[in-house]
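Here the protein sequences come in this chain order: R and W. Numbering-wise (our numbering), the first sequence opens with residue 1 and increments by one. Numbering-wise (our numbering), the second sequence opens with residue 1001 and increments by one.
Fair warning: there could be bad hints in the mix.
Cross-link-like lysine-lysine pairs, in silico, DSS-like; alpha carbons within 25 Å at most [what the hints assert, rightly or not]:
hint : chain 1 : residue 1 : chain 2 : residue 2
1    : R       : Lys150    : R       : Lys123
2    : W       : Lys1094   : R       : Lys123
3    : W       : Lys1094   : R       : Lys52
4    : R       : Lys64     : R       : Lys108
5    : R       : Lys150    : W       : Lys1094
6    : R       : Lys95     : R       : Lys123
7    : W       : Lys1094   : R       : Lys41
8    : W       : Lys1102   : R       : Lys150
9    : R       : Lys180    : R       : Lys229
10   : W       : Lys1103   : R       : Lys150
11   : W       : Lys1129   : R       : Lys52
12   : R       : Lys86     : R       : Lys52
13   : R       : Lys172    : R       : Lys188
14   : W       : Lys1103   : R       : Lys30
15   : W       : Lys1103   : W       : Lys1162
On the chain W side, residues computed to face chain R include the following (Cβ under 8 Å) [unchecked claim]:
hint : residue
16   : Pro1070
17   : Ile1073
18   : Ile1075
19   : Ile1088
20   : Val1092
21   : Leu1186
Since the hints were derived computationally from the structure, they do not count as laboratory data. Heads up, the beta-carbon is just placed ideally off N, CA and C, and yes, glycines get one too.
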Amino acid sequence: MHSNRYIFIYSSILVIVVAMALTVVAVQLKPLQENNIRIEKMQNILSSIHVKATVNNAEEMYSKYIVSSFVINASANEIKDVDAFKVNIAAEHKKSTDDRKLPVFVAKLDNGDTSLVFPVYGKGLWGPVWGYISLQKDFNTVLGVVFDHKGETPGLGAEINTEWFQERFNGKTLFNEDGKFTSVQVLKGTHNDDPHVVDAISGSTITCSGVSLMLVDCMELYEPFLKAKLKR
Amino acid sequence: MKESIFSPKNLKLLSGPLNLNNPITIQVLGICSALAVTVQVKPAFVMALSVTIVTAISNLIISLLRNTIPSRIRIIVQLVVIAALVIIVDQVLKAYIYDVSKKLSVFVGLIITNCIIMGRLEAFAMSQKPWPSFLDGIGNGLGYGLILVLVAFLREFFGSGKVFGFQVIPDIFYQWGYENNGLMILPPMALITIGVIIWVQRSRSRELIDKS
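Extracted from the complex, chain R is given alone in its bound form (with noise of 0.2 Å):
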């Protein structure tokens, strides 16, 4: 039987030494881990509009595509200084709406048109729900979505994550015809006519819903920019 002086010390020794080898584990993997991190962003940017890029050519395929990017505010006034592709989107998030800092990515597609890619981030129902939705010349037709997820349920809210999901964005309008923003919602039940809703999945309700709201919330920050744009 040890002493509890002895398990006091053996504890003591072992935890630090756990945690020196673990700690240099993270530093040494740091910079490999975030340089993935970068490269799914760039991935992700370009599958919005319909590029798709493996983990090699991803740095290649999005200079290429991606030819300018900047950063709005809430009322569509260019914010200098900033790298749009740094911003933190989880962290704008938390922001109140004014300050929030807003990307933007130009893209030029294969066709010649130029295309703008907005990020997106919202919550679903286990976790944070992000993505990119790409909009066609007009500034207002939706040439391509991206969805990602933390831990939504698998089979269920996962799939937002899937093409055949993000299909159905293709070709939807954020303005209805008078000109008011109405975002794309996600609704249950058969909507192939209607410009402005997509058919949700069966049994995801609340991811499906927190993609609809966070449509709503990310866009309705950028009605300022596209309106102007869209008067032009």
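Dock chain W against the given chain R, drawing on the hints supplied.
For chain W alone, coordinates are given in the frame of chain R:
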């Protein structure tokens, strides 16, 4: 007398868990992750490899420390070792194979609670020399991995017509009206597949069947 490194007794530690003492089909441990990560072969393969590494190294470490570990806190010591190894594996996966690590998501973290690892530490490493413990860890990891990859192979093959992400059922079959079995992708089919594997194994090895 010094025992050779690969004596028959040591080799049995390695081969036993692959068949007659398999952690999943005989000991029925680690079922949770076996159901969750077997939709495709690649994540299952990475999971199997991770579990093998964690069982082998944690067995080795605990066996080396076995005479110093105070018995009153031995479970805590075991958990600290396992948790540290699992975090390291998770970090390495995130750094080198990010896409797979995203698919495995919480299940890498849940290796900590995988009964196979704690079970082997308590039952074997605490009372055996380092080398046999290491082999026992490898054996059990592989035994787990074997079933995992087998289930994943069947599910990916019948569920998506692919193996390791490559299409193996030719397009012409689909044109003739062949359909992927969507049921195979759903979790219940993993349970049924494991059940079938257990059935096949028991009908081949009669000694496994309970006498009663």
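Hints, one by one, checked against the model:
{"no.": "1", "hint": "R/Lys150 x R/Lys123", "verdict": "10 Å, holds"}
{"no.": "2", "hint": "W/Lys1094 x R/Lys123", "verdict": "24 Å, holds"}
{"no.": "3", "hint": "W/Lys1094 x R/Lys52", "verdict": "22 Å, holds"}
{"no.": "4", "hint": "R/Lys64 x R/Lys108", "verdict": "8 Å, holds"}
{"no.": "5", "hint": "R/Lys150 x W/Lys1094", "verdict": "15 Å, holds"}
{"no.": "6", "hint": "R/Lys95 x R/Lys123", "verdict": "15 Å, holds"}
{"no.": "7", "hint": "W/Lys1094 x R/Lys41", "verdict": "15 Å, holds"}
{"no.": "8", "hint": "W/Lys1102 x R/Lys150", "verdict": "9 Å, holds"}
{"no.": "9", "hint": "R/Lys180 x R/Lys229", "verdict": "14 Å, holds"}
{"no.": "10", "hint": "W/Lys1103 x R/Lys150", "verdict": "11 Å, holds"}
{"no.": "11", "hint": "W/Lys1129 x R/Lys52", "verdict": "52 Å, violated"}
{"no.": "12", "hint": "R/Lys86 x R/Lys52", "verdict": "22 Å, holds"}
{"no.": "13", "hint": "R/Lys172 x R/Lys188", "verdict": "16 Å, holds"}
{"no.": "14", "hint": "W/Lys1103 x R/Lys30", "verdict": "20 Å, holds"}
{"no.": "15", "hint": "W/Lys1103 x W/Lys1162", "verdict": "17 Å, holds"}
{"no.": "16", "hint": "Pro1070", "verdict": "4 Å, holds"}
{"no.": "17", "hint": "Ile1073", "verdict": "6 Å, holds"}
{"no.": "18", "hint": "Ile1075", "verdict": "12 Å, violated"}
{"no.": "19", "hint": "Ile1088", "verdict": "5 Å, holds"}
{"no.": "20", "hint": "Val1092", "verdict": "7 Å, holds"}
{"no.": "21", "hint": "Leu1186", "verdict": "7 Å, holds"}
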